[in-house]
Structures are given as C-alpha cells and as structure tokens.
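**Student:** One letter stands for each residue in the lines below.
Protein chains: 2
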Amino acid sequence: MKKHLTTIILSAVIVVLAAVLVGILIFLKNQPVQQRATEPLVDIKAYEPDSSKWGLNFPNQYDSLKKTKTNKEDTQFGGSSGFSWLERDPRQVILFGGYGFSKEYNDDRGHEWSLEDVNNTKRVNEKTPGTCYACKSSNNPGIWNTIGLEAFSKMPFAELGKQINEPIGCANCHEAGTMKLTVNNPAVIAGFEAQGIDWTEFSRQEMRTVVCANCHVEYYMAGESKVLTVPWEDGTDIESILGYYENIGFKDWEYPEAGTATLKAQHPEYEFFSAGSTHYEAGVACADCHMPYVRDGAAKYSMHDIHSPLLNPELACGACHTDVEYVISRVNEIQGQVSDTKIAAEDAIIDAITAIKAANAISPNDGALLDQARAFHRKAQYLWDFVSAENSTGFHNPEYALKLLAEATNYARQAQMLAAQSVGNPALLTTGVYYQPPE
Amino acid sequence: MKKHLTTIILSAVIVVLAAVLVGILIFLKNQPVQQRATEPLVDIKAYEPDSSKWGLNFPNQYDSLKKTKTNKEDTQFGGSSGFSWLERDPRQVILFGGYGFSKEYNDDRGHEWSLEDVNNTKRVNEKTPGTCYACKSSNNPGIWNTIGLEAFSKMPFAELGKQINEPIGCANCHEAGTMKLTVNNPAVIAGFEAQGIDWTEFSRQEMRTVVCANCHVEYYMAGESKVLTVPWEDGTDIESILGYYENIGFKDWEYPEAGTATLKAQHPEYEFFSAGSTHYEAGVACADCHMPYVRDGAAKYSMHDIHSPLLNPELACGACHTDVEYVISRVNEIQGQVSDTKIAAEDAIIDAITAIKAANAISPNDGALLDQARAFHRKAQYLWDFVSAENSTGFHNPEYALKLLAEATNYARQAQMLAAQSVGNPALLTTGVYYQPPE
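Residue numbers (this note's numbering), protein chains in the order written: chain R, 66 to 504; chain Y, 66 to 504.
So here's chain R without its partners, still in its complex pose:
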C-alpha cells in the first residue's frame, strides 16, 4: 500500500511538472517578441534628425533603413534603380512639355537617396522654393516645429538647404522617446483637419498607413509663399481633388502653344490606395507589405528597407497569402493590363495636345470650344497622371486605375474633337502611336 501511494504521488508530481512546463512554453511562444537593444538605451531628443542616434536603440531597424541606399533592384514596371521615365517612355517628354518633368523625370530611389537626389535634380534652379525639401529630409520635423511651414516653404531652396543634411529617416515617422508613429507634416495635418479628421485618433494599424501619408500624397504649392498644401478640403478622392483645383483656379504650368492650364500629380499613393482598394478595405496597411516583420535571432522587427514587395514576396505577400507564386503572377497580370491601358491613354492625350496646339495656332472660330478642349485635356492629363505618378503601376487599386485610365482616354479624345471643331478642321483628328518600345 505504501508502495502504491509512492507511485501515485510520484506520477502526480510528474504530471503536474509536465503540465506547468507545457503551460510555460505555450505562454512564452505567444509572447510578442520584443526588440532587444544590443546597446544600453540612449535618450533621443525631440525631432532628432540624425537617424544613427536612434539606431543605437534600434539597430535592426536602422540597419535595414540604411539598405535603402544599396538596394537598387528593379521590378518589371518599377523598382529602386532610379531609371529615367523619359527614356523608358518618351511619350512623357511630350506629356510634360514646357514643364520641368520633361527635362528630367527619374523613378524614385530608396529613402536614403532622398536628399542627394533632390539636390541633384535638374528641375532645381534659383527660383526653386524650400517647399521642395518637404519630403526629402529628417531635418524637416524639427525645422517645421521651430519656424513653421510657411517660412520653410518660401525660403529659397539653396538657403534652406544649409540647414538640411539628412535624408529621410526616423524623425519623419516616429516621435522620439515614445517611438509612436506620428503625422508631423503640417500640410498633411491641415489636410486631415480640413476634412474634420483628427489624426491622433487613428489606430496603430491605421497609422501604419497614415505615416506614409506624411509624404506619399498629392500636394501643390499655394500662393506667393509656395506653401506646401494638400488639396483635401473636399475629400481625398480624385473628383474632390480635381474640384478643389477648379475652385481655386490652380495650375502647375501652362502647356506651351496649347494654352492648357495643366496639373502635375505628385505621388498620390495614400489617396489612390485608400480610394476603396481591396487591400485597404481589408484593413491592410502600407507597412504590412512594404515593411514586413523579420527576425534577427529572437528579435522580431519591421523591415525599414522599404521597396517593392515584389522584391521579397515571401515576406511581403506570404504573411497573408499562402500561394506566393500565384500572387506574383496576379500582380504581373494586373500591372501589365494597367501599363497597356496607360500607354493607350498617353497616345490619346498626345493626340489631344497636338490638335489643341494646331487649333491654337490658327485663330479659332469658336474660342469657347477650344477652351472646352483645354478643360478636357487638363482633366485627361490629371486622371492619367494620378495613375502614372502613383508608384505601383495600378496595383495599389487595380480596378480604380483602369477606370481612371478609361476616363482619361475618353476625355482626351473629346478634347481632340473639340479642338478640331473649334477651327472647323477635321485634319486635326489624326491619331498616332507615339513610341514603340524596342522588342
């Protein structure tokens, strides 16, 4: 009997020990893995522009940020090499005729290149305002906090440049100390406020999209001071943005010999992605695809080497999609469809420009018709550019991209017809295919 009792007690002890061990292992496995600083934590002062200081506390994030300097890989339609759009698609030389983008228009490179690339662009001259530094440096949040956006914007580029020595970095998205994601671009804060939105009420997951909107948004330079402004007063959808520009009578430049008050879309990733795209509606954030989580030993961190998810699809797409090969084939299919449709829109807009220039050269019988042609050219060009300047070849919102391109083509063709009508000359109706890429 005593032997029995011993066996039972021993067995019970073993069972309890095993259960506790399993419980502890399960608990540990379900713990979020914390970033482990490899150096003692240092204090980061507010708006610290030097990312290497933040990097002492967050070495993995900082190391991956620095990779945006060396990663130069391209995808089929985009990438990080900084190729020339004007060489790849010479139609754009015509489409941006008379504007800086017809002289140089290079694809964006990684964040670490931002300062060097803006300093070296041929579009900068002595008239360039400080505004053009707005999305290029981690010095900005501190400067905005000190002198405000208007003083920043109207300062000549060269003069402001003396205060700017860092590319995009930690301070552009994070609050020092708390490391909270933050909106610190005063123009974007104002853009949210104009819609009655308090950005501080966004959830953490929403902020993983909204911080990107610190820069990846449509903007223009308002008034004499060239103040950076986002045109969101009536909403962030393209119809609201176009309506806003109509209301304030804004143009980026006048198309030479055509007289069209033309708009240049900037990089409206936030507006385009949030316009009802399937990923956005499903609650996916920019960072989910562009900054996937990776491990360094026991440390789990979000990659700060931001680039096309097509360059690391297992990490970027594989977090949600089980069949990554399939996903890549879908992206390729969709980007091909958008690219084809985009080029057809470009040919149509060039036809419109040609016709409007020709009608403008001979005094039109009906100036109102030619004005209408210009209005349609302006609209067609903006709809097209909203898709073209957006960095995803439509993939951030595929159906929306294709719908906008269909509308752009329709407006461009009608612009061409109106130009011909304005001078009663159907010879203006010839159509062309303006560039055949080498096979």
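To be clear, the hints were calculated from the coordinates, so they are not data collected in a lab.
All C-beta atoms in this analysis are idealised placements derived from N, C-alpha and C, irrespective of residue type, glycine included.
Some hints could be false.
20 Å max Cα-Cα, derived EDC-like pairs, lysine to aspartate or glutamate [claimed, not checked]:
hint, chain 1, residue 1, chain 2, residue 2
1, Y, K444, R, D405
2, Y, K444, R, D412
3, R, K245, R, D263
Now the stretches of chain Y that chain R is said to cover, found in silico as 3 or more residues with beta-carbon under 8 Å [as the list claims (entries may be wrong)]:
hint, stretch
4, 342–348
5, 383–395
6, 399–412
7, 470–483
Following the hints, position chain Y against chain R.
**Tutor:** Coordinates of chain Y only, in the frame set by chain R:
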C-alpha cells in the same frame, strides 16, 4: 500482484477501446458524405431528356434544379427576374439598331425557363433556324447524337420545336449511368479540337467549369445551314476571336444607315472567366460559386439552383472567404466601377454610330476613311458587348473588363473622328450622354 495485473489489463483494454473508437469517429468524419437516394436507383437511358427521371436517383439535385423556375430575385446589376435591358438601359436600343436585340432583349432567367423563354422571344420568326434551340433544352444531346449538329441547325425553328419539350436539364451536363460531367455540344467539342484540346482529358475540377461551356460561350451561325460554331480556332481570347471573325468576313448584321458589319457577342462567360481571371487562375470552377455544396440531413450535394452567388453569399463565397460581408462589398464596388465605365463606352459608341450614319448620308470624300471608321465601330461594339453580354457585370474578370471597356471607348471615339474626317465635317464630332436613369 494479481490485483495489479487485473488493473493493468483492464486499463489497457479501456485504452485500446477508446483509441479504436476515436479512430473510427475520425475515419467517419473524413468520409465524403454520399448522396443517399430516397428511392431505389433506377436506370437512366442514354441522353434521357426528362430530368424528373434522373430526379428519382438524385432527388436533392433535381429539387434544386426545379427552383430555377421560382427563384426570380435580382441583384443590383443582374439576377433572375428577366428584366428588359432595353428598358433599363435604352442606349441598347440604339446600339443594336436594325437587329433583333433592339426589339427585345431580356436578361436571362433560370435554367427551367429556357425553353419557354426562347419560344416566346420576339426575336423568333419564320426564318429562325433550329440553331436557336442549341442551348435551351435537355432534348438536344440526344438529337445531336441521332441526326448531328448540321441537320439540327438548319431545321426550321418551328419544325425542330416539335421534338423539343424539355428545358435545360440533367442531360445537358451529365452522362447517364456514370453521371460523369460531359461536353456534348458538338460545336464546343469542335472548338476544343480546333485548338488541339481533347476535352476528355480535363480533370473533374476543370470539368466543373467546362460543362458550363456547353452553352455559356460565344458562338455564331456558320454558312447557309446556320451551323452552330464557336470561333475558337485561334484561341478563346477576344483578340483571337475578333481575328477569326475578320478572317472569315463574318457579320451578324449590317448596322442600318451606317453600313457597319456588326457583331453580336453572345454569352461569353467561359472565354471571359478563363482569360486570366483571378478566380480561374486560382483553380476556382464555375460550380464552386454557382453550385455550392449544401446538406440535407446527412446528404451533401451540389445545389443545382444556379443563380447569382450574391443571392446566397454565405454558401457561395463563404466556402473560401471568411469575411463574406467584406466580399459582397468588393463585388458591389467592382460591379459599380464596371457599370459606370460600360455606360461611358456606350455613349462613345452611340456618338460613333451617329457620326458614321451622318457621313454615310452625304457621299464621303474619302470612302477609305469611312470604311476605317466602320471597322473601328465594329471593334468597339464587340469589345463592349463582350463585357456587356457576359453575365457578371465584369466580376468574372474585373481588370480585363475594365481594360476592354477602355479600348472600346478609344476605338469608338476614333471611329467618330474618322467619320468626320471622311466628309471633312467637324459638325459630326458632337458628343452626347444618351440616357440619364431616374434618380
């Protein structure tokens, strides 16, 4: 010691019994649930047209097939009520001007209505060939097997009608006896053969799409005998189909006063869905969404009450998608985008028709330009109709739908311009919005 042994033996027996029981339950749970006939199995003769006889063996499938007679529910853009397209979108009266579809064009109703609806359509007259019964009856497979497709096609509609008394039913998709899914439409078999495809090599899952292609395909009536023919010789993509029609110089009708050799797309669901759509590429079959599995007690069967998945999304979409409410919102968003873009294409095509008719009325200076205008009108109309006649408001392949509609609009506008050029009259360039639906 004896007591010990008894305990051990008893415990061992309990463990073994419990393990066996668990094993059996797991095995049973993983068995595919078989259809249980509620009547003794009866023999079905080959090509049996009477679905009620097959129904003795498969009562659940038969009962659900019969529901296609009573289900008349609509979705936002389609459904089963059989509404008039000409009333809903009066542009189509113009687009099909001079052709039967401008007199009556009702949305398709359920399979059980097929015979009644074809017999009652106003498009049938004394010249109508037997071909028009080709997708309307379960009598067809037997008749094709007996007299062949050519005799079937060239027989006058009224005469062939005497042999046809059943709507679409079991024999249209199944082989009697084995119940195997089968391609029995000789035109479709020939269409696969022309591409070097042996349909008998399709997998079961592929056949759950391919049987639908017995009817849901583009077709035309070839030659004097009006033989049902699918234009797949060069492939099932729209460019190949258009090329095929060009090569044989085919037209469905000549557009009155315009002289365009016009094509009517039929119901190209198979071609449209299989042209690289995301669901098709992921291996999803038509039946997965349109014939989801349901249970009747212990019996699991595929619903034969085929209709829009939007009417039972929990079953149709929920088998793969966890968030059905989200999925429905996506379908609505996409169908809305396609519908808007489709209507813009329609307005553009009507503008082209108006211009070509006007140019044709006055003898054109340049007949070649007017011919080119007609060629572009033909192409625009077919691209649009390929999306419009396809029963999903683009959802079966959203990006493809939007790309085709962008192309259709572009061709239509160029057709209009060419017509104006052909007579040197820019007054032909006016544009219109041809119908504003009531708010």
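**Student:** Need the list of violated hint numbers for this structure, in ascending order.
**Tutor:** The structure breaks none of the hints.
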